[in-house]
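**Student:** Chains as they are written, first to last, in numbering that gives the first Met the number 0: chain A, 0 to 153; chain B, 0 to 731.
I should point out that these hints are in silico values taken from the structure, not numbers from a laboratory. Don't take each hint at face value.
Stated by the list, open to error - A few chain A residues that don't get close to chain B, going by computed Cβ distances all over 10 Å: (1) Thr-4; (2) Val-12; (3) Thr-13; (4) Leu-51; (5) Gly-152.
What the hints assert, rightly or not - Straight line, CA to CA, 16 Å or less: simulated EDC-like cross-link-like pairs of lysine to aspartate or glutamate: (6) B/Lys-515 with B/Glu-279; (7) B/Lys-222 with A/Glu-75; (8) A/Lys-144 with B/Asp-676; (9) A/Lys-29 with B/Glu-279; (10) B/Lys-671 with A/Glu-128.
Claimed, not checked - Output of the computed footprint for chain B on chain A, the stretches with three or more beta carbons under 8 Å from beta carbons of chain B: (11) 38-44; (12) 70-81; (13) 98-106.
Here a beta-carbon is modelled for each residue, glycine too, at the ideal position from N, C-alpha and C.
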Amino acid sequence: MPQHTFTVNGKTVTVEAPADLPTLWALRDKLGVTGPKYGCGIDVCKACTSHLDGEAFNPCVTPVSEVAGRSVTTIEGLADGELLHPVQQAWLEQDVAQCGYCQPGQIMAAVALLRRTPTPTDADIDAIENVCRCGSYFRVRQAIKRAAELMRGA
Amino acid sequence: MTSSRIGRRTVLTLLVAAPTLTVAGNLLDTPTADAVLPSLPAPADILDLGDVLILAGTPTAHMLVLRVDPDGTATLRLPRAEVGQGITTAAAMLVAEELDLPVERVRVELDDARPELLFNQLTGSSNTIRSVYGPIRNAAALARARLLAAAAARLRVPTGALTTRAGVITATDGRAARYGDLAAAAADPKLFVGLVTPKPERDFTVVGTPTSRIDARAMVTGKQRYTLDLDVPGALPTMVRRAPTINGTVRSVDNEAVVRAMPGVLALAVIPTGVAVVAETFGQALDAKEALAVTWNGGTVDDESDDTITAKLRAAAPGFGGPPLLGRAVDAEFDFAFVSHAPMETNSAVADVRADRAEVWAGLKSPINAQEGIAKALGLPVDKVTVHVTQGGGSFGRRLFADAALEAALVSRAVGRPVKLMWSRVDDMRHGRARAASHHKIRAVHALGNVVSFEHRVAGVETDFGHGVGDAITAEAAQLPVAGGLVFAQVVFLTTIKSPYNLGLTGQSLTEVPLKMHTGSWRSVYSANTRGAEEIVVDELARSMGRDPVAFRREFLKTDRQRAVLAKAATEGQWGRAMPAGFAQGIAFHEEYKSCVVYLVELDARDPADPRVVRATIAVDTGRVINPRGLESQLLGALTDGISTTLRAGLHIDRGLPLEGSYSQFHYARQKDSPTDVRIFTMPTTGTPGGAGELGVPAAVGAIANAYARATGRKPRRFPLNFPVDFDPFPR
Ligand code: FES
Ligand code: FES
Numbered sequence: 000m001p002q003h004t005f006t007v008n009g010k011t012v013t014v015e016a017p018a019d020l021p022t023l024w025a026l027r028d029k030l031g032v033t034g035p036k037y038g039c040g041i042d043v044c045k046a047c048t049s050h051l052d053g054e055a056f057n058p059c060v061t062p063v064s065e066v067a068g069r070s071v072t073t074i075e076g077l078a079d080g081e082l083l084h085p086v087q088q089a090w091l092e093q094d095v096a097q098c099g100y101c102q103p104g105q106i107m108a109a110v111a112l113l114r115r116t117p118t119p120t121d122a123d124i125d126a127i128e129n130v131c132r133c134g135s136y137f138r139v140r141q142a143i144k145r146a147a148e149l150m151r152g153a
Numbered sequence: 000m001t002s003s004r005i006g007r008r009t010v011l012t013l014l015v016a017a018p019t020l021t022v023a024g025n026l027l028d029t030p031t032a033d034a035v036l037p038s039l040p041a042p043a044d045i046l047d048l049g050d051v052l053i054l055a056g057t058p059t060a061h062m063l064v065l066r067v068d069p070d071g072t073a074t075l076r077l078p079r080a081e082v083g084q085g086i087t088t089a090a091a092m093l094v095a096e097e098l099d100l101p102v103e104r105v106r107v108e109l110d111d112a113r114p115e116l117l118f119n120q121l122t123g124s125s126n127t128i129r130s131v132y133g134p135i136r137n138a139a140a141l142a143r144a145r146l147l148a149a150a151a152a153r154l155r156v157p158t159g160a161l162t163t164r165a166g167v168i169t170a171t172d173g174r175a176a177r178y179g180d181l182a183a184a185a186a187d188p189k190l191f192v193g194l195v196t197p198k199p200e201r202d203f204t205v206v207g208t209p210t211s212r213i214d215a216r217a218m219v220t221g222k223q224r225y226t227l228d229l230d231v232p233g234a235l236p237t238m239v240r241r242a243p244t245i246n247g248t249v250r251s252v253d254n255e256a257v258v259r260a261m262p263g264v265l266a267l268a269v270i271p272t273g274v275a276v277v278a279e280t281f282g283q284a285l286d287a288k289e290a291l292a293v294t295w296n297g298g299t300v301d302d303e304s305d306d307t308i309t310a311k312l313r314a315a316a317p318g319f320g321g322p323p324l325l326g327r328a329v330d331a332e333f334d335f336a337f338v339s340h341a342p343m344e345t346n347s348a349v350a351d352v353r354a355d356r357a358e359v360w361a362g363l364k365s366p367i368n369a370q371e372g373i374a375k376a377l378g379l380p381v382d383k384v385t386v387h388v389t390q391g392g393g394s395f396g397r398r399l400f401a402d403a404a405l406e407a408a409l410v411s412r413a414v415g416r417p418v419k420l421m422w423s424r425v426d427d428m429r430h431g432r433a434r435a436a437s438h439h440k441i442r443a444v445h446a447l448g449n450v451v452s453f454e455h456r457v458a459g460v461e462t463d464f465g466h467g468v469g470d471a472i473t474a475e476a477a478q479l480p481v482a483g484g485l486v487f488a489q490v491v492f493l494t495t496i497k498s499p500y501n502l503g504l505t506g507q508s509l510t511e512v513p514l515k516m517h518t519g520s521w522r523s524v525y526s527a528n529t530r531g532a533e534e535i536v537v538d539e540l541a542r543s544m545g546r547d548p549v550a551f552r553r554e555f556l557k558t559d560r561q562r563a564v565l566a567k568a569a570t571e572g573q574w575g576r577a578m579p580a581g582f583a584q585g586i587a588f589h590e591e592y593k594s595c596v597v598y599l600v601e602l603d604a605r606d607p608a609d610p611r612v613v614r615a616t617i618a619v620d621t622g623r624v625i626n627p628r629g630l631e632s633q634l635l636g637a638l639t640d641g642i643s644t645t646l647r648a649g650l651h652i653d654r655g656l657p658l659e660g661s662y663s664q665f666h667y668a669r670q671k672d673s674p675t676d677v678r679i680f681t682m683p684t685t686g687t688p689g690g691a692g693e694l695g696v697p698a699a700v701g702a703i704a705n706a707y708a709r710a711t712g713r714k715p716r717r718f719p720l721n722f723p724v725d726f727d728p729f730p731r
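Sequences and hints are given; from them, build the entire structure.
**Tutor:** In structure tokens:
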């Protein structure tokens, strides 16, 4: 079986898996990295959102062979040790999470948005497609705005 | 205290006696408006479903376990499910309050199934806080009293000379002892503590303070563990191929050898619900189950589609005949589609079944019922089945049923190894549970400026209550203020549905149409549709009588408490302010679970096929609020549920199966459908806590529908309002 070497949250890993195995299952089932969640497996719900070389990607539809030689960041790799990323900090301040299941994906999507657009408008935030079945959207929106402030050093 | 126990690490463990909960017979304020014709109290005014379940749980309400450990932390074992509603945080706050311990030092663990709790391990009917408010305070107060008694003995001073603060007991002379150091002494059964009463509510410093979820940090760092994140040794990814129609069964598997030879596939088994595949990864299990060629037997509703079901429902709700003899009738008929619970975490469970015992992990709101069902299916004694309750990724009623836990147990037995079962999203929507479709006929009659009668006849596809709520109701049936001979569904209907208004002679009834489909209570059970529809008719009644919707409600609501909430929302939401063309405000009221709420929304319906709620103002009175932040979360979630189910989200049934199998097809709201401005106002906190988890949905539905009517001039009659099949369904 082919081997695939890449980094996950800064650590180099090698997994043995069919080339077309979605990265989500390489992470969850082979590497025990369970932060990214399954919600649909077809790039609709965005619960699995993580970063590939710093940009948002959906590991449920990205074959593991495609991430070989590249750098994957999951929710577990966002904080700097005990020091939370400003987006995580804003999420705590706004107490966004209800069941929490969508939140790793929401947070990784927000981080990617703020990297591209440091001062997002409501329309920019509307473009985030991540489903939150608990309906926490308004707090997600407020937390993104708060994170933007934190990141500007406000 | 009924007993105490010293375990290995356990130092002070209390199994504490709590007083019985009492239910006030008269929950109605005296009607004050004398211009209106008072309606008699409905059964739900006297005893609601939450009361029934609390009464059923009362004999065991004292069986809460609270532990104080040498590290100075307290751990409560909560016999309830946490699925996002924030009850572990509220429970931790209650412990912290009585124990004088910071919330961060209180842990809350979800109890395994405990059959001795009988009906007191059910999470539903918005009754968790209502049912545990007293018992948790009593348990924590007793723990504090024992710690004080132990400190008094150690420091040789009377307890009256001691104070507790932040986990430390201090004597007047300045000497101190930490809870952790007293935990062993406090557990001594010979220790004398007198009569213990919890703190008076006026002294609360934690309860009522906005507090963040105790698990928030775990959630934002990816450390929160859900069922499929557990590391149960040897448990392997498992998925099930299901029939092309609901309740279809396997006749034959036609390519078993081919599938067994696929990469990663480890085992395959036919079970009553389909063909299970166990593989090294979920990706491989999914590929293999898709590759299966199966010949199926038919299901239980193969001939049913939306049109046949709607026709049955319409026929089941009797009409009102010709015009009334007296006065003017406002008539309306409504149809509501099936709605998937669709929690983000699909049905999932881990099971390890051996010859003589079984162990199961899942998000379960009725774990005792799950344990009994699994024991029966496996032919094991109940005490050989251990059921662990894991934190769930959403529920909305879904996890009252143990479908996944039972299925995982059957697969584990069939393949002879532990399994980690996950339903695909497609299966979760098509073969999971749904809120039953319903039809409503309402007639309100007014004459001479008064409403003389209000009648509502509901027909619904049968809702399955086979998850333990039915048993709890039966146990309390003798105490119900309704006639005997009712089936569960009617009891639930009558203990949840009531009109908050004086609308003269008022009647509400339910007829169920039995269809063998997978249904289940969906956040607020019958109220979302039933009370939502009534709030639409209230607006139409007001219009027919030439009245403003808020002025009408102010006049016809029954109590000053209700009117205060209405006034708050109307003022803060600037009711009546000028809106651009295509926009409108809408308002609705709902009262249930000893709480009341008003939603006032502003809708942008310039494109009636794609309306958006742009602003919402919510006012709520839930009696005593434990955690205002948690309450607001619940009301926000209910708003999103209202937006989704009123405007776009539903299931189309087509020849025995829902067509929807994805959030791209079942249009639950996304960020772009949500308001950019939401403000929530809580009335001053008093008395005991009311329920809040389901409270908001009916008012949100009513407010959004009423705004749609005012913005578009169209009468909202079929829900969701925009419901095309705008997708290519997945193959069956
Ligand atoms: S699981 Fe990846 S988008 Fe839904
Ligand atoms: S917090 Fe539950 S799905 Fe978003």
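**Student:** Work down the list of hints and note, for each, if the structure agrees.
**Tutor:** Outcome of the hint check:
Even its closest Cβ contact with chain B, about 18 Å, leaves A/Thr-4 beyond 10 Å, as expected for a residue assigned away from the interface. Annotated as non-interface, A/Val-12 keeps its C-beta farther than 10 Å from every C-beta of chain B; the closest such distance is 15 Å. No beta-carbon of chain B comes within 10 Å of the beta-carbon of A/Thr-13; the shortest separation is about 16 Å. Look at A/Leu-51: its CB is around 17 Å from the nearest CB on chain B, clear of 10 Å, so calling it non-interface holds up.
Taking the minimum C-beta to C-beta distance to chain B, about 21 Å, the non-interface status of A/Gly-152 holds against the 10 Å cut. Restraint check: the Cα-Cα separation between B/Lys-515 and B/Glu-279 comes to about 35 Å, which exceeds 16 Å; the hinted pair is violated. Only pairs whose Cα atoms come within 16 Å are accepted, and B/Lys-222 paired with A/Glu-75 is accepted, the gap being roughly 7 Å. A C-alpha spacing of about 13 Å is found between A/Lys-144 and B/Asp-676, which places the hinted pair at or below 16 Å, so the restraint holds.
Annotation: proposed proximity of A/Lys-29 to B/Glu-279 holds, straight-line Cα distance about 9 Å (limit 16 Å). As the CA atoms of B/Lys-671 and A/Glu-128 are separated by approximately 8 Å, the hinted pair is consistent with the 16 Å bound. Interface restraint, the segment 38-44 of chain A with chain B: holds (6 residues with C-beta to C-beta distance below 8 Å; minimum three). Evaluation of the coverage hint for the segment 70-81 of chain A: fulfilled, as 5 residues show C-beta separations to chain B shorter than 8 Å, against a requirement of three.
Here the segment 98-106 of chain A counts 7 residues with a CB under 8 Å from a CB of chain B, which clears the bar of 3, and the coverage holds.
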